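Enquirer: Take a look at the letters that make up each chain.
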Amino acid sequence: METQTIKNEQNTTTVTERISGSEAIVRCLIAEDTKIIYGYPGGAIMPVYDELFKYQDKIHHVLTRHEQGATHSAQGFARISGKVGVCIATSGPGATNLITGIADAQIDSTPMVCITGQVFSHLLGSDAFQETDIVGISTPVTKWNCQVTKASDIPAAIAKAFYIAKSGRPGPVLIDITKDAQLDEFDFSYEKCTRVRSYNPVPKTEISSVEEAAKLINAAKKPLVVWGQGVILSEAEEAFKAVIEKAGIPSAWTILGASAIPTSHPLNVGMVGMHGNYAPNVLTNDCDVLIAIGMRFDDRVTGKLDTYATQAKVIHFEIDPAEIDKNVKTDVAVLGDAKASLELLLPLLNENSHPEWRQKFADLYAIEYEKVIKDDIHPTKEGLTMGEVLHQINVQSKGNAAIVSDVGQHQMIACRYAEFNKTKSNITSGGLGTMGFGLPAAIGAKMAAPDREVVSISGDGGYQMTIQELGTIFQQKAAVKVVVLNNDFLGMVRQWQQLFFDKRYASTEMVNPNFVAIAEGYYIKARKVTKREDLADAVKEMMESKEAYFLEVCVEKEGNVFPMIPTGASVSDVRLE
Amino acid sequence: MSTEKQLYTISVYTENNIGLLNRISAIFQRRHINIESLNISPSEIDNVSRFTIVVNMIEVDVKKIIGQIEKQVEVIKAYYHTLDQVIYQISGLFKVKSELLFEEPQIQNIIKNSHARIVTVNTDFFVLEKSGKKEEIAELHEQLSVYGIMQYTRSGLIAVTKDEMRISELLETYNN
Chain A
1 METQTIKNEQ NTTTVTERIS GSEAIVRCLI AEDTKIIYGY PGGAIMPVYD
51 ELFKYQDKIH HVLTRHEQGA THSAQGFARI SGKVGVCIAT SGPGATNLIT
101 GIADAQIDST PMVCITGQVF SHLLGSDAFQ ETDIVGISTP VTKWNCQVTK
151 ASDIPAAIAK AFYIAKSGRP GPVLIDITKD AQLDEFDFSY EKCTRVRSYN
201 PVPKTEISSV EEAAKLINAA KKPLVVWGQG VILSEAEEAF KAVIEKAGIP
251 SAWTILGASA IPTSHPLNVG MVGMHGNYAP NVLTNDCDVL IAIGMRFDDR
301 VTGKLDTYAT QAKVIHFEID PAEIDKNVKT DVAVLGDAKA SLELLLPLLN
351 ENSHPEWRQK FADLYAIEYE KVIKDDIHPT KEGLTMGEVL HQINVQSKGN
401 AAIVSDVGQH QMIACRYAEF NKTKSNITSG GLGTMGFGLP AAIGAKMAAP
451 DREVVSISGD GGYQMTIQEL GTIFQQKAAV KVVVLNNDFL GMVRQWQQLF
501 FDKRYASTEM VNPNFVAIAE GYYIKARKVT KREDLADAVK EMMESKEAYF
551 LEVCVEKEGN VFPMIPTGAS VSDVRLE
Chain B
1 MSTEKQLYTI SVYTENNIGL LNRISAIFQR RHINIESLNI SPSEIDNVSR
51 FTIVVNMIEV DVKKIIGQIE KQVEVIKAYY HTLDQVIYQI SGLFKVKSEL
101 LFEEPQIQNI IKNSHARIVT VNTDFFVLEK SGKKEEIAEL HEQLSVYGIM
151 QYTRSGLIAV TKDEMRISEL LETYNN
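Protein sequences appear in the order of chains A and B. Residue numbers for the first sequence follow the UniProt record's numbering, beginning at 1 and rising by one. Residue numbers for the second sequence follow the UniProt record's numbering, beginning at 1 and rising by one.
None of these hints come from the bench; they were simulated from the model. Everything numeric in this text was worked out from a predicted model, so none of it was measured. Watch out, some of these pointers could steer you wrong.
Said to hold, decoys possible - Example chain A residues on the side facing chain B (calculated, C-beta under 10 Å, incomplete):
hint : residue
1    : Trp144
2    : Lys166
3    : Val196
4    : Glu323
5    : Lys326
6    : Val328
Unchecked claim - Result set (EDC-like, lysine to aspartate or glutamate): computed pairs, CA atoms no more than 16 Å apart in a straight line:
hint : chain 1 : residue 1 : chain 2 : residue 2
7    : A       : Lys326    : A       : Asp306
8    : B       : Lys64     : A       : Glu382
9    : A       : Lys326    : B       : Glu139
10   : B       : Lys71     : A       : Asp320
11   : A       : Lys525    : A       : Glu541
12   : B       : Lys63     : A       : Asp320
13   : A       : Lys329    : B       : Glu59
14   : B       : Lys64     : A       : Asp325
15   : A       : Lys160    : B       : Glu74
16   : B       : Lys71     : A       : Asp325
17   : A       : Lys313    : A       : Glu211
18   : A       : Lys326    : B       : Glu15
19   : A       : Lys503    : A       : Glu558
20   : A       : Lys531    : A       : Glu382
21   : B       : Lys77     : A       : Asp320
22   : A       : Lys329    : B       : Asp61
23   : B       : Lys63     : A       : Asp325
24   : A       : Lys160    : B       : Glu15
25   : A       : Lys525    : A       : Asp537
26   : A       : Lys326    : B       : Glu70
27   : B       : Lys95     : B       : Glu142
28   : A       : Lys313    : A       : Glu356
All residues carry an ideal CB built from backbone N, CA and C; glycine is no exception.
All chains should be modelled from the sequences, with the hints used to inform the complete structure.
Expert: If you want it as structure tokens, here you go:
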């Protein structure tokens, strides 16, 4: 290895070494403090894998069983750690298999850097073996992407990728690197990126907008906060808690905002949206000031826009200017980082407690408890419910577990009933609703936070979409607790078919395999529960296991998730049955 | 804010990077918006490109589009204007048989009255260039159609605003 020292114009010294592009890729990842990457090898990325072999004491590569698993694992890693998740794949099918996870990360603002190999640059555009236009394919679902065809361009591209992925509103970034760029040698040096001309990740917070927000909040008789993942991404949890406690504002969360403050916090009034809690949905159309913090008024949250909080003044704390007025017209927009904005807001607020207004939430909760929650978590009828499984997990974890859910009925049940004491504990696919997300995301979460209990909760449908990642769990010895709530149905679709398609269960019934045998085939301890009297013991055994554990719970076949706001209905038309 | 559909010019200042056209056009595609015309050229600032995009939309949707465009990492700034807020031109090229120049005296009057410019003449054809408003080029097209047009093409709309856009100052603030 040849080393030389170059003096640049500013008279600072940069040490350069002549190395290959593929070694440069690995060295750049190390410089960005990447310790784990998820991926799958193939022809166009083999030089990088060869370097990863040499640098395995510095970077641990996790061989997932499918590239989609690599992206979801990287997402799980990022969501629990707040760091950038990294995955790697070969060209063509390897690259296209990343797309679902990239799209998921884009809509859920998850920082991720994906590196794909590409055919030799002289073959680009010639339909060469395993060539796809991955930059073109990934453009609509990445925050930024680029193709590198020269080895010497690699360090700047990777530095820019990490900076863009994690700054401002985070997101996924893809860098496609041709094989000749991986093989060619150049004089390597690395400098982290700290700014990109034309990119303003965090808009400046106007103090006047904060003052205006404070004025509205101080004058409000019935204020309601709806917070989203922005609170977690900007690490604003403490500032957020201080704001709602000082002003005494009942606060509800979107699915990705869950766990930012503890479930048991007296001002936490539950989840909003299609399967959210009764009180915050109904009272959205009763509040006089709606304070949205780090959330984007997704249609699953707002229901019919024409009738959404039309009586309320709307304040929107948001880092992404494109979200302002996108779905809901705001009266005051506070642009900027949530933490910084909330810290500016706090001293301007009057102390308040709104006892009568908060009582309204308590009264509606009592109705929801009687009509829905009691039977969900303490059922008296025969079949096992998904809610009681969650209840048992809460009992055993004491609210300290990270819950990684897949997509479907079990996801809504998990989000409704899982109890959280710590932030970054609810990891799920919110915006894209990606079945198959749960199992690989749990692997990433467990590897990022090995000291935490990580419980993956899936339905029998989504579980089988990425079931092969049991192989990754086994090989990596990732002590993930895997729960499948099996109702032999694609439950959420079946629920809709029951309610809106006259019970025509078109292609939603599943004939399932022996899940326990499959888990055991991957050398994972496994147990199946079909009776209520065995549930508590099985969950306890699972949670006490030091290794990975698979638990299948056969739940009632036609259980439904309520409350529910049918598509196109108003949030205040939430159905309890 | 206008709730009527009308033509807007969207001006986008960007880095001169591969792939940006794809990213920007995808924003229109996702929302099912037809681009009436699109022109990309260097701008008054070195290494900064300027897109001039013409769309027929209502203003509230144009504002949302502007937000989505500005969100792209390599976009410096995007603006929108109604046609009366900009000075714009379109250029049309007409290829016509040379013999018509001599056999149809009216052709010479059409050229003269339309203020079109002859770009080239050879024994087979001549090429006319006409810059102006869309209607002026359409009118010339209509007049020449009577005699037969061998080839015709028209450029996208290019525009400068009547107001100053102060992009250089904005870039300065990015640099600091």
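Enquirer: A separate judgement is required for each hint: does it hold in the structure or not?
Expert: Against the structure, the hints:
{"no.": "1", "hint": "Trp144", "result": "holds, 5 Å"}
{"no.": "2", "hint": "Lys166", "result": "violated, 13 Å"}
{"no.": "3", "hint": "Val196", "result": "holds, 6 Å"}
{"no.": "4", "hint": "Glu323", "result": "holds, 8 Å"}
{"no.": "5", "hint": "Lys326", "result": "holds, 6 Å"}
{"no.": "6", "hint": "Val328", "result": "violated, 12 Å"}
{"no.": "7", "hint": "Lys326(A) with Asp306(A)", "result": "holds, 14 Å"}
{"no.": "8", "hint": "Lys64(B) with Glu382(A)", "result": "violated, 52 Å"}
{"no.": "9", "hint": "Lys326(A) with Glu139(B)", "result": "violated, 41 Å"}
{"no.": "10", "hint": "Lys71(B) with Asp320(A)", "result": "holds, 8 Å"}
{"no.": "11", "hint": "Lys525(A) with Glu541(A)", "result": "holds, 10 Å"}
{"no.": "12", "hint": "Lys63(B) with Asp320(A)", "result": "holds, 14 Å"}
{"no.": "13", "hint": "Lys329(A) with Glu59(B)", "result": "holds, 14 Å"}
{"no.": "14", "hint": "Lys64(B) with Asp325(A)", "result": "holds, 8 Å"}
{"no.": "15", "hint": "Lys160(A) with Glu74(B)", "result": "holds, 12 Å"}
{"no.": "16", "hint": "Lys71(B) with Asp325(A)", "result": "holds, 15 Å"}
{"no.": "17", "hint": "Lys313(A) with Glu211(A)", "result": "holds, 15 Å"}
{"no.": "18", "hint": "Lys326(A) with Glu15(B)", "result": "violated, 26 Å"}
{"no.": "19", "hint": "Lys503(A) with Glu558(A)", "result": "holds, 11 Å"}
{"no.": "20", "hint": "Lys531(A) with Glu382(A)", "result": "holds, 9 Å"}
{"no.": "21", "hint": "Lys77(B) with Asp320(A)", "result": "holds, 15 Å"}
{"no.": "22", "hint": "Lys329(A) with Asp61(B)", "result": "holds, 13 Å"}
{"no.": "23", "hint": "Lys63(B) with Asp325(A)", "result": "holds, 9 Å"}
{"no.": "24", "hint": "Lys160(A) with Glu15(B)", "result": "holds, 14 Å"}
{"no.": "25", "hint": "Lys525(A) with Asp537(A)", "result": "holds, 15 Å"}
{"no.": "26", "hint": "Lys326(A) with Glu70(B)", "result": "holds, 14 Å"}
{"no.": "27", "hint": "Lys95(B) with Glu142(B)", "result": "holds, 14 Å"}
{"no.": "28", "hint": "Lys313(A) with Glu356(A)", "result": "violated, 20 Å"}
Taken one by one, the earlier hints fail for this structure at numbers 2, 6, 8, 9, 18, 28, listed in ascending order.
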